[in-house]
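Since the structure of chain A is already known, use the hints to place chains B and C on it.
So the protein sequences, as listed, match chains A, B and C. Counting in the numbering used here, the first sequence runs from 17 upward without gaps. Counting in the numbering used here, the second sequence runs from 17 upward without gaps. Counting in the numbering used here, the third sequence runs from 3 upward without gaps.
Warning: the hint list may mix true and false statements.
Listed next, the in silico EDC-like pairs over lysine to aspartate or glutamate satisfying Cα-Cα at most 20 Å (straight line) [said to hold, decoys possible]:
#, chain 1, residue 1, chain 2, residue 2
1, B, K139, B, E127
2, C, K79, C, E126
3, B, K139, B, E92
4, B, K139, C, D149
5, C, K79, C, E99
6, C, K182, C, E204
7, A, K139, A, E169
8, A, K139, B, E142
9, C, K48, C, E36
10, C, K79, C, D95
11, A, K139, B, E169
12, C, K182, C, E240
13, A, K139, A, E126
14, B, K139, C, D146
15, A, K139, B, D138
16, A, K139, A, E127
17, C, K48, C, D95
18, B, K139, A, D138
19, C, K79, C, D67
20, B, K139, A, E142
21, C, K79, C, E92
22, C, K79, C, D37
23, B, K139, A, E147
24, C, K48, C, E38
25, A, K139, B, D132
26, C, K79, C, E94
Calculated directly from the structure, the hints in this document are not laboratory data.
What follows is each chain in one-letter form.
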Amino acid sequence: MSALAKLLEAALFAASRPLTAQELATLEPGAGEAAVRAALDELQRRYAGEDHGVELVQIAQGWQFLTRREYAETIERAQFALRTRRLSPAALETLAIVAYRQPVGRLEVEEIRGVDSGAVLDKLLERGLVEIVSRGEGLGRPLLYGTTPQFLEILGLRDLDELPRLDELSVALRPPAPAEPE
Amino acid sequence: MSALAKLLEAALFAASRPLTAQELATLEPGAGEAAVRAALDELQRRYAGEDHGVELVQIAQGWQFLTRREYAETIERAQFALRTRRLSPAALETLAIVAYRQPVGRLEVEEIRGVDSGAVLDKLLERGLVEIVSRGEGLGRPLLYGTTPQFLEILGLRDLDELPRLDELSVALRPPAPAEPE
Amino acid sequence: MTTPPVAVQDGAGFVVELEQFSGPLDLLLHLIHEDELDITDLPVAKIADQFLAVINELGLNQAADYLEMAARLLRIKAQLLLPRRAEDDEWEDPRAELVRRLLEYQQIRELVDWLARAAARRAEQFGRGFAPEPTAPPAELVIDLNDLLAAAERVIALIPEPVLHRVVPRPLDVEGATAKIEALLAQREELAWRDVVGERAETVEVLSVFIALLELARRGALRLRQPEPFSPIVIRRERPREAA
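One chain only, chain A, in its complex shape (with noise of 0.2 Å):
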């Protein structure tokens, strides 16, 4: 392996996070991105196929190791682990919301839920998986919020693009137009 892939597995297994390409290059300043994307892709290789029980992913705009899905059920009944948190279904309807209405105040997710949503973004804020972006207009400048990297790391995901697109979901948002008279 090269010196340059190892350092960054170094760096890799001990963060206990994602980390980015830019980041991993601040480790050796002189490499460049270009020569720290390579090492990745040998690491990845290396780590790939059936012969590790990690893996190094690509998620959260970043990458970092985790162990293979075949062994999740034994290490979990071990409890070696840190369990993950489950989230419930209001957490996951207000999240689904502030992912694609981002930058969205909190009056519009209750609109769209139907209920008191205060709480659960809240909860959503101090688990870091929703973030105050910026300030809207009108009464008050009520607070936005947007999703943050975390958010994307339970979810599995390299970027927001890998959400489905709205029109890819079998219900259409739009009520049908009004039948135009003939």
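For chains B and C alone, coordinates are given in the frame of chain A:
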């Protein structure tokens, strides 16, 4: 790599502490401890030598993956393992109330914010941003909170007098007026 | 979420049952799917009755969001019953807004399913479970002064006047009120309620005076009269007293 070695690799990677051979043996109840030890040896040899950035070491009567010493300094300098933390809006709100009303009790904070604030206050205590400065009069002699020197330190303030006066606030926070046409 | 509602054995199931649906739209959508109804041509009368029945059954009729939806459904139902002329081009389907919201919400639900699947898949893999350098300083905490001041402003906005409620227990002062009434009656034969309690009396004062009046009336020291309902009470000395 043997199937057992790969499973151990995954488990050791995901664990937040060294795992003993006995613990690791619970992962594959059929295997027996001798097989586990053999697999650990295999894994250790595999990561040994110069060809990896991490190594499997025996530590605290157990086994743990650690980054190789030569990368310690570089990684520590980059501090990837730690993200700078930001305070949630709820925490900031609570901190603002404590800063301006100190000494102040939990009930008063909650009355102003309109929501339960016990958990937020606890977190601020834990982070050393507020502390208990005295006890109030009245029922149950409630704890009264104030800000700490660390609070000033983080904000880069010499003392509390440097906080803007409340009546200056809305002016200070208004976005700069658009340049007047001359 | 959209698991079918479980029959409630008694009233105790309120909180649990509430979590079955993430809101009134979720419940509505559940009913629509259960009966395989066409959202865009919603039979509002039917769905309104079902909605009411379910929220009664589940005890959701105490939750404001559900009540609001129930009221909305009933209003639409009523509007649909109004006769309209065939040539009326201006007629707007009263269901339109609700249908739009339901479709929008249904889309969110689809996204939720997608997100839940993605999260479940991600949960099959574990990352490194620890912060590796125990000697490293704790993560630097960042507070922006502007953020803090913005928070202060938010808080200030919450309280138009920074007046805090303080509940100060104050005992009734019936004795004092009695003395005051007796003193006033010594000077004048007839008093109005306002003469005794003043313009801006506090609750404890009103109660004290009221109890004192009743007590004095019972003792026969005065007579209370209210000429007609809600008119001011007239307080009249019962026995003329000797001047002091």
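Okay, the hints, checked on the actual structure:
no., hint, in the structure
1, B:K139 <-> B:E127, "19 Å, holds"
2, C:K79 <-> C:E126, "48 Å, violated"
3, B:K139 <-> B:E92, "26 Å, violated"
4, B:K139 <-> C:D149, "18 Å, holds"
5, C:K79 <-> C:E99, "13 Å, holds"
6, C:K182 <-> C:E204, "16 Å, holds"
7, A:K139 <-> A:E169, "17 Å, holds"
8, A:K139 <-> B:E142, "19 Å, holds"
9, C:K48 <-> C:E36, "13 Å, holds"
10, C:K79 <-> C:D95, "11 Å, holds"
11, A:K139 <-> B:E169, "28 Å, violated"
12, C:K182 <-> C:E240, "16 Å, holds"
13, A:K139 <-> A:E126, "15 Å, holds"
14, B:K139 <-> C:D146, "18 Å, holds"
15, A:K139 <-> B:D138, "16 Å, holds"
16, A:K139 <-> A:E127, "19 Å, holds"
17, C:K48 <-> C:D95, "17 Å, holds"
18, B:K139 <-> A:D138, "15 Å, holds"
19, C:K79 <-> C:D67, "18 Å, holds"
20, B:K139 <-> A:E142, "11 Å, holds"
21, C:K79 <-> C:E92, "19 Å, holds"
22, C:K79 <-> C:D37, "18 Å, holds"
23, B:K139 <-> A:E147, "18 Å, holds"
24, C:K48 <-> C:E38, "13 Å, holds"
25, A:K139 <-> B:D132, "13 Å, holds"
26, C:K79 <-> C:E94, "14 Å, holds"
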